[in-house]
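S.K.: Spelled out from the first residue to the last, the chains are:
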Amino acid sequence: MPVITLTSDWGITDHYLGAVKGAILSRHPNAVIVDISHKVDHYDIRQAAFIIRNAFPSFPEGTIHILAIDSIESDEHPHIVVKAKGHYFIGADSGLFSLILDEEPEKIVALRVLQDTGYFTFPARDRFAKVACMLAEGNPIEELGEQIPSLVVKLPLLASIKEDKIEGRVMYIDSYKNVYLNITEKDFRKTVGNKPFTIQLKRTGDSIDTIVKAYGDVPEGEMCALFSSSGYLEIALNRDKASSLLNLHIDDTVSVIIGE
Amino acid sequence: MPVITLTSDWGITDHYLGAVKGAILSRHPNAVIVDISHKVDHYDIRQAAFIIRNAFPSFPEGTIHILAIDSIESDEHPHIVVKAKGHYFIGADSGLFSLILDEEPEKIVALRVLQDTGYFTFPARDRFAKVACMLAEGNPIEELGEQIPSLVVKLPLLASIKEDKIEGRVMYIDSYKNVYLNITEKDFRKTVGNKPFTIQLKRTGDSIDTIVKAYGDVPEGEMCALFSSSGYLEIALNRDKASSLLNLHIDDTVSVIIGE
Amino acid sequence: MPVITLTSDWGITDHYLGAVKGAILSRHPNAVIVDISHKVDHYDIRQAAFIIRNAFPSFPEGTIHILAIDSIESDEHPHIVVKAKGHYFIGADSGLFSLILDEEPEKIVALRVLQDTGYFTFPARDRFAKVACMLAEGNPIEELGEQIPSLVVKLPLLASIKEDKIEGRVMYIDSYKNVYLNITEKDFRKTVGNKPFTIQLKRTGDSIDTIVKAYGDVPEGEMCALFSSSGYLEIALNRDKASSLLNLHIDDTVSVIIGE
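Line by line, the protein sequences are chains A, B and C. For the first sequence, my numbering begins at 1 and goes up steadily by one. For the second sequence, my numbering begins at 261 and goes up steadily by one. For the third sequence, my numbering begins at 521 and goes up steadily by one.
Don't take every hint at face value.
[Unchecked claim] Far from chain B, some chain A residues (derived; all Cβ distances over 10 Å):
{"no.": "1", "residue": "Ala23"}
{"no.": "2", "residue": "His42"}
{"no.": "3", "residue": "Gly62"}
{"no.": "4", "residue": "Arg125"}
{"no.": "5", "residue": "Glu142"}
{"no.": "6", "residue": "Ile161"}
[As the list claims (entries may be wrong)] Beta-carbon label-pair distances, calculated as ranges:
{"no.": "7", "chain 1": "A", "residue 1": "Asn139", "chain 2": "C", "residue 2": "Asp636", "range": "27 to 37 Å"}
{"no.": "8", "chain 1": "B", "residue 1": "Pro289", "chain 2": "A", "residue 2": "Glu222", "range": "37 to 47 Å"}
{"no.": "9", "chain 1": "A", "residue 1": "Asp251", "chain 2": "B", "residue 2": "Gly465", "range": "35 to 45 Å"}
{"no.": "10", "chain 1": "A", "residue 1": "Asp116", "chain 2": "B", "residue 2": "Gly519", "range": "48 to 58 Å"}
{"no.": "11", "chain 1": "B", "residue 1": "Asp376", "chain 2": "C", "residue 2": "Lys722", "range": "30 to 40 Å"}
{"no.": "12", "chain 1": "B", "residue 1": "Asn399", "chain 2": "C", "residue 2": "Glu596", "range": "34 to 44 Å"}
{"no.": "13", "chain 1": "B", "residue 1": "Asp466", "chain 2": "A", "residue 2": "Gly138", "range": "44 to 54 Å"}
{"no.": "14", "chain 1": "A", "residue 1": "Thr117", "chain 2": "B", "residue 2": "Glu480", "range": "50 to 60 Å"}
[Stated by the list, open to error] Quick list of in silico lysine-lysine cross-link-like pairs, PhoX-like style, CA-CA up to 20 Å:
{"no.": "15", "chain 1": "C", "residue 1": "Lys559", "chain 2": "A", "residue 2": "Lys177"}
{"no.": "16", "chain 1": "B", "residue 1": "Lys343", "chain 2": "B", "residue 2": "Lys367"}
{"no.": "17", "chain 1": "C", "residue 1": "Lys697", "chain 2": "B", "residue 2": "Lys299"}
{"no.": "18", "chain 1": "B", "residue 1": "Lys299", "chain 2": "C", "residue 2": "Lys559"}
{"no.": "19", "chain 1": "A", "residue 1": "Lys39", "chain 2": "B", "residue 2": "Lys437"}
{"no.": "20", "chain 1": "A", "residue 1": "Lys186", "chain 2": "A", "residue 2": "Lys162"}
{"no.": "21", "chain 1": "C", "residue 1": "Lys710", "chain 2": "C", "residue 2": "Lys685"}
{"no.": "22", "chain 1": "C", "residue 1": "Lys674", "chain 2": "C", "residue 2": "Lys697"}
{"no.": "23", "chain 1": "C", "residue 1": "Lys733", "chain 2": "C", "residue 2": "Lys697"}
{"no.": "24", "chain 1": "B", "residue 1": "Lys299", "chain 2": "A", "residue 2": "Lys39"}
{"no.": "25", "chain 1": "B", "residue 1": "Lys299", "chain 2": "B", "residue 2": "Lys343"}
{"no.": "26", "chain 1": "C", "residue 1": "Lys685", "chain 2": "C", "residue 2": "Lys722"}
{"no.": "27", "chain 1": "C", "residue 1": "Lys722", "chain 2": "C", "residue 2": "Lys682"}
{"no.": "28", "chain 1": "C", "residue 1": "Lys685", "chain 2": "C", "residue 2": "Lys706"}
{"no.": "29", "chain 1": "B", "residue 1": "Lys462", "chain 2": "B", "residue 2": "Lys425"}
{"no.": "30", "chain 1": "B", "residue 1": "Lys299", "chain 2": "B", "residue 2": "Lys367"}
{"no.": "31", "chain 1": "A", "residue 1": "Lys39", "chain 2": "C", "residue 2": "Lys559"}
{"no.": "32", "chain 1": "A", "residue 1": "Lys177", "chain 2": "A", "residue 2": "Lys195"}
Derived from the structure by calculation, the hints contain no laboratory data. Built from N, CA and C at the ideal position, the CB exists for glycine as well.
Bound-form chain A, shown alone (with noise of 0.2 Å):
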């Protein structure tokens, strides 16, 4: 029995999530059914796609992920399910698919599968549910629906990536204020190199000119650069708790400038 993932902007104090695990298990009561999460802020598909982007690649090949946020039918925004890196994903194509995934999915189709009641305003519980655990049952996807193309896309912001500067924006801020920058190691270790650098963060005028493997290497209260193990370069700051200096926001700017 594959893994049902769910993630949804629902929050935990109202019954859709009750509601919707108990339709999933009503259909396979041996369902194992993981939280995401579902603190996503409401219709915020960015936040949700980093969420499920650094989540999913850990569970099983097979999983199949209930994406709950922003997910009301329309005619630009179709209920589908995709089927890519090994692992299923279902909601409305409202851009969010085209976030979460790097790469052209496998496949992508667009559900015929009827809702099991007569409102519209609880896909998750009424559609979603049943799709997941057709697919569970090892429902081919083709059979859901009809094949479709492409996916919606929205474009994340990039880093702009220049011999002697990239540019980046700071694209998620966790719980403990560790803030996740748009630049992939990938993209830094090729750009940067063996040349010194320097990070500045505009809004707060701090810089950082070392890239280290933990928190721990520097002393308690102080900022580091590193990479996260999202792949994105992350600043923080060790065992901090006020997080003042680290006033950043989502969408600022950060600069890696490169060369002395």
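Knowing the structure of chain A, use the given hints to seat chains B and C on it.
M.R.: Leaving out everything else, chains B and C in the frame of chain A:
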């Protein structure tokens, strides 16, 4: 093995939640435990009832629901287990059960099962977990205590229905600031029929004169009324993040004026 | 298959929680994973210790507890796995283990298991999940590393006990604003015996001179003292939602004056 659900006002920081799950797993290492919500406002059995009403029917028949809100036993609020609509519910008979269930339960049993410790501040761990496992093992409900004829009744605030006007109240506000009224789809359809109507939100001065099928049937940021999948009339904003328009509170009056 | 529990200071928004569960399920698709709490204040090992102390004994013997609070490895804080009271605990030896366990553990092993990635910011996913699964498969703890003789010791704040006075501190405040003191039931009973006593809350000026069995033994909104199921003296308000009376903070002094 039936599913066991947990609903409480514990929040998710303290040890209570883990301790109850541990107590269940100590008896049944294969138990399937599902959280419905632990963010009910402290002692708020009306809020709890709304959440449970809207979540439990999605679960398979035979599911056992532990209700740990205001659950300390007293002479007025005995610990009971209830069988209704094919589900089991365990908790203190504070009125919560009557708010969850529309009809008389099939069976009501005052628990005689002794709890496991001499402490009386944590019945969910020390008594309800044990009772849930006894039910899960197939023990008949009658063996858990003495059958009693009726529940402690807490009356829900009912909408007042007249020929030319339905006067309802705000019953629940979800994390999106969607507002659920205590006006059922059934009552609305029966009373309003095909006549024109105006839904008046007293506090805000707003009014709505049409029912839509989905949030997306109105432009973004606009208010709409629809029948939610919970069976109640719902007032919502289509994808509005600020929800500034919808400054309603629990118990606020909302009227449906029928006719021109 | 033993239960694996997770306790952390990650919160529930970010991808960390999902990633660790995925890593466990990738090794053991049938693993039973239970969240104890992810809302520990960042790096607060005293708070974490209280939560874990009060939750772990409810779990079955053989349960494996991943402790992901302040878990980056350093020379002073090696990654260890501990066997104590029939349970396994995995984490960084920051003093947390000594705060959880009253007695010397049966075994302490400094991990030699290599982690799966070259990143050193996410040991729960890259090392602890792997170690938990190795234990779950039945690998003996001795094979996971080198046995070491003792834990890093962080002393809990102990109550000062004199013949005529116990001076304790606020150790934990739960979401209801119930206050747990570092005065054990055992010490209280031994020292106070049948003598009259007054519990004095310095900050608020309140005092209590009786111990009750349950919150409901005092009128609604009134303060009471009782021995909680955690084994500590607890000060609580019966069903008070505002908790305005109980304006206590962690580490505040509370005295028990013994005799008239």
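S.K.: Quick check: which numbered hints come out false for this structure?
M.R.: Numbers 1, 2, 4, 10, 12, 14, 22, 25, 30 and 32, in rising order.
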